Every structure is written in structure tokens, then in C-alpha cells.
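Peer 1: Sequence:
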Amino acid sequence: MFLLFIFTYISVLIFLAIVIYKFVKISKAPVHQEMVPGILPRKGNLEHNKELWQGSFLFRFAMYLFMGNFALLIIGTILEITGISPFVFHANSFWASFWSIYRTIIDVIIWVASILGILGTIMLLLTRTANKNQSLYGSPSHYFNIILIGAIYVTALWWRLVDADMARNLMGFYLGLMTFSKNIAMNLPVNIPAIGYVHINISLLFIIYIPFSQMPHFYAKYFN
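Take my numbering: the final residue in the sequence shown is number 1615, and no numbers are missing along the way.
Note that these hints are calculated values from the structure, not bench results.
Being a predicted model, the structure only gives us computed values, none of them experimental.
Be a bit skeptical, because a hint or two may be false.
For each label pair, taking beta carbons as the anchor points, the in silico distance ranges come out as [as the list claims (entries may be wrong)]: (1) I1496 / L1517: 29 to 37 Å; (2) F1393 / I1472: 16 to 24 Å; (3) N1592 / F1571: 36 to 44 Å; (4) M1458 / F1535: 19 to 27 Å; (5) L1404 / S1491: 17 to 25 Å; (6) T1570 / T1520: 43 to 51 Å; (7) F1489 / A1555: 16 to 24 Å; (8) M1392 / K1413: 26 to 34 Å; (9) I1465 / I1411: 14 to 22 Å.
Glycine included, every Cβ here is placed at the ideal spot set by N, Cα and C.
Given the sequences, and given the hints that come with them, work out the whole structure.
Peer 2: Have a look at this one:
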């Protein structure tokens, strides 16, 4: 577990370093195109290729759900650090009920985002391979991006299927990360299954990969 924390810190530092460098570089470049909203696929995809638009929408919407869940996990972890921990309250207390509802919300988002993301991944791959025009213009990096993010969705769903306490274990994991404590990291009351470690490592590799990939809309869209 402690080594996973070290890898997480390294991954985040690499991501931030490259993104900050590109922020500075892009901010000094002249503005040359209009910003396109990143949360939804382009309107042209809907008009000319409905299947591609549907798959792209599910794929991206699932990604934003995961980002929202990440924010909920961070907020929950901050509450834990302040002393409102889900691990210390009696079963019938107000805060025990609060954490039960909070984890349920996180759990529902995990289910919905994973399933939608997998459906979007399948639709995108099928559309790009079955449609001759799409297959001609699709580069290997496009397929790699879809498969990599799809692997995050698949492993998230797999983890949830084998671990009913996935939300609780994730919150414990983030608690160890944000306290920067080796003692806490080595003695967390969590039990992450093997597929959980696979999911976390794939997610960290994705974080490192983003700044080096052809996915600049994660940060560049605000300067275009």
C-alpha cells in the first residue's frame, strides 16, 4: 500500500509539472480558434454520425461522472481529516447515517459511470472499426486512448462487483494519501482487492499519459 502511495505522488507531480509547463507555453501563444465546449461531442458528429455521437457522449459523460466522484471522495477525506471520520461513529448516530448516505451516492455514481463508460467504449470502438470512413481517419493513438480509458471503466466496475465496500475503501485510500502519513498508510482499515490495485495503477498511468497525449482539451481549451 505504501508503495502505491509513492507511485500516486509521483504520478500527480509529473502530471502537474507537464500541465503547468504547457499552460505557460499555450498562454504565450496567440489565440487562433474558438473554444469548443469539452463536455459534449461536437454538434457535427450528431448531424453526420449519430452512432459516433452517442458513443462519444456516453464515453465523455462517464468521465465527468468519475471526476465528480473524485471531488466527492476528496471532500469526504477532508471531513475525515477534520475528525468527522466514518470509522469512529456508533451505528445509530447522525454522522454514521450521513456517511452511509454519502457512500451510497459515491457507490451509485461508480455503478452508473462504469456501465455508461463501458457502453461508450464499445460503441466508439465498433463505430470506428465498422465505419470505413472512421477507420481511415482513426490513428493508433485514438484507439489507444479509447482502450486505456475503457480499461479504467472496466476495472472500476469489476472492482465494485467483487467489493461491496469499494466506496469505503476508496475513502480510506484517499485518507492515507492526503495525510502524508506512513503510519496511517500502513494501518488503514481498508481491504482493497487485487482488481482495485489494477484499477488504481491504470488510473495513475492515465494521469501521467494525459499531458503527453493528443488530449489537450483537458487544459488547452481554456486558452483557445
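Peer 1: Are the hints correct? Go through all of them and say.
Peer 2: The hints, checked one at a time:
At roughly 32 Å, the beta carbons of I1496 and L1517 sit within the given window of 29 to 37 Å. Checked against the given bound of 16 to 24 Å, the beta carbons of F1393 and I1472, roughly 19 Å apart, stay inside it. Checked against the hint of 36 to 44 Å, the C-beta distance between N1592 and F1571 comes to roughly 20 Å, which is inconsistent with it. A hinted range of 19 to 27 Å for the beta carbons of M1458 and F1535 is consistent with their spacing of about 21 Å.
For L1404 and S1491, the hinted distance range of 17 to 25 Å is not satisfied, since their beta carbons lie about 35 Å from each other. Roughly 46 Å separates the CB atoms of T1570 and T1520, a value that falls within the hinted 43 to 51 Å. At about 19 Å, the CB distance of F1489 to A1555 agrees with the hint of 16 to 24 Å. Checked against the hint of 26 to 34 Å, the pair M1392 and K1413 passes, with Cβ atoms roughly 32 Å apart.
Restraint check, I1465 to I1411: a C-beta distance of roughly 20 Å satisfies the suggested window 14 to 22 Å.
Violation of the numbered hints given earlier is confined to hints 3, 5; the remaining hints are satisfied by the structure.
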